[in-house]
Amino acid sequence: MNANSGDRNAVLGRIREALREEAPLKHPAERSAGGAPTTAHFREWLPPVGSRIDERLELFTRLSQTLRSELTLCENIAAAAAAVTELAAQENWKTIALHKSDLLDGLRCLLPASLNLLTVDEGYDKDALEACDAGITQCELLVAQTGSVCVTSSNDGGRVLSVLPPHHIVVARRSQLVSDLTEAYASLASKYRGTYPSMISFITGPSRTGDIERILVLGAHGPKRLSILLLP
Amino acid sequence: MTTLAEPPRHQFQLDANRTAADGDRRAAVRKALHNYSSARDKTGATFNDWKSARNAASAIKHEAVNHLDRYLEEFESKFTARGGKVFWASDSKQARDYIIDLAKRKSVRAIVKSKAMTGEEIHLNQALLEEGFGVVESDLGEYIQQLKGEAPYHFVFPCMHLRRDEISDLFHKELGTAKTDSPEELTMIARRVLRRAYIDADMGISGGNFIVAETGMISITENEGNARLTVGLPKIHVALIGIEKVVPRLADLALFLPMLATAGTGQHMTGYNSMYGGPRQPGELDGPEEFHVILLDNHRTRLLADPEQRDALHCIRCGACLNVCPIFKNIGGHAYGTTYQGPIGSVITPHFRGLEDWKHLSGASSLCGACTETCPVGIDIHHHLLHNRRNAAAQKPAKGEQLLWKAFAFLMQRPALYRLASRFAPLGSLLHPLVSGSPLDPVRSWTSTREFPHAPMRSFRDQFREHQAAKKGVASSGTQQGAKR
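For the protein sequence lines, the chains are L and B, in the order given. Take the first sequence: its position 10, counted from the start at 1, is 9 in numbering that gives the first Met the number 0, and no numbers get skipped. Take the second sequence: its position 277, counted from the start at 1, is 276 in numbering that gives the first Met the number 0, and no numbers get skipped.
Bear in mind the hints are in silico, worked out from the structure with no lab data behind them. Here the structure is a predicted model, which is why all the values come from computation and not from measurement. From the three backbone atoms N, C-alpha and C, an ideal C-beta is built for every residue, glycine too. Just so you know, not all the hints are guaranteed correct.
With a straight-line Cα cutoff of 30 Å, these simulated DSSO-like cross-link-like pairs (lysine-lysine) come out [stated by the list, open to error]: (1) Lys234/B <-> Lys93/L; (2) Lys190/L <-> Lys77/B; (3) Lys223/L <-> Lys99/L; (4) Lys190/L <-> Lys84/B; (5) Lys178/B <-> Lys223/L.
Computed footprint of chain B on chain L; a stretch qualifies when at least three of its residues, placed anywhere within it, have a C-beta under 8 Å from a C-beta of chain B [to be verified]: (6) 3-16; (7) 135-149; (8) 186-196.
With the sequences and hints as input, model every part of the structure.
Set out below in structure tokens:
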């Protein structure tokens, strides 16, 4: 190995030497024929979701409330645009950032002309993005079990559009709602076939902290508000 | 905690005594942990079967840790194939030197850092500052501790011991902001300051919660979004992570992420769980040009070489064992003098930094087993504390303690001598108040914070004998009465 990889051989050598004696397995997992249990069993142990789409949506709605994510069901893209327009008026937005995608392009042309738009796809100025009032992205998936929005760096406007502006708006379709994290990972694996985006992020509610006296404060560094506009 | 004026054992005694006597500080810690147990129990109860989930998590970590060489090599080959760089560090100096050298070569001007206990472990910030690199902690709690010039109090809740007015005073002094008693306003002050840091930094340093072998990724769990920004905006990302943090497959995180959140804070899922597999890829619009992962040994292989305690490397650093520990609640996080506090810290620190200097931590336990019970990956924490005690005794038994036990055994094996000694105990009790608390007091270390039990005028033996005699008397007189009738 080249010098750049540091003490590779020494570390691996110590690991192999250390592992010559076996360690006992103290908590044998059920349903494993030796070795580690398979991921297919996780959902037997994790919080239940329910198999029907309406059960999934109900759980996602309930968790969104707990997390203080703002979920809005929109009949069509026009209704989603109207919801964005309303938020713009409410928070007095001047400039918002978004990325290109079939879904968001449909939304973009319905937004009020008074709103300045920053499109991040061809690169962006960090200060300009930071100064935006909101960021709009699509997403890979929504996860019912955890109330999460899954975004990736290649699909949803890069690494920071979903976290730098103070208000993150996600536009998603109902068909993107999967039941649990196991299904989410399986779905990403079959979509990307080993060539994953450089970032996969499960966003669960707006940015939060409890570092001061364990009192919940939203918008620690990332978005203070997370709005999810759910299309049929 | 870099330079200890006293040997660790004495420093521990001093700091532990100080916090144990500090009612205000203990109240702050108690308040911070007030809702933890109920939130954790409530979220844990939403699981179909927490116990099976825990066994599975334990089995997966067992598989990963016991084939660590294979999984680390798999991680390395997948990660480098995507343009990442892997550096293997035997010790903290190698890790520090690599980061400093990289910062110099790339003419780095400003560094922003998200939470990394490995950074504390290798004293990274101090080393960077000495080389002239400014580094800003971005996690709110870590930022507060950095401003205060203190080590984190708890490896999950770094400033849990501080009240809001103390934080307000600190911000007022260091940042010149107006005083406030609102946690929200305090958070927003930090938000404003740190936004600049992300944008100006050309290097972002993070830790990592999991290394995913299968896909060559590291996974970072956080609530604030500061890690997302730290590794999203600067042009270089360095992740400093312990070699033991491996899971075999990406899908294993479907189990570990909810369990880490539940055990750590009682949340069902932490705010941001992000997996990073390389620098900016072709076709992506942003992200760092370079991504370096430093795999840190720093004596983890010593612990790995002990099959009895190897499972301590299964730890996912959720902090649950600190939150439930009666010792932690009373002596606080700083008394430990270690990077990793609480029960798990007391188990692993003697392996990392030497048993002789750190064995006292394993004595600071009530062995109540709350840590073992709460551990989401089933580490036998309180038994490992006993193992450390046993190993320490085998290595070098304490002379004073040995003598004491010998004297005790001698006394207990000679009933006559014992009776004689107990006869004098009331006299000792009578005379003790004359010297109690003074340098002449033979049990001063006890009486400085507690009352010494009084020896009764009549011993249990005496009372028992009299009682038996009286019973016999009643019984025999009873029989006589019966016979009379």
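For this session: Find the hints from earlier in the document that the structure breaks and name them by number, from lowest to highest.
Result: The structure conflicts with no hint, since it agrees with every one listed earlier.
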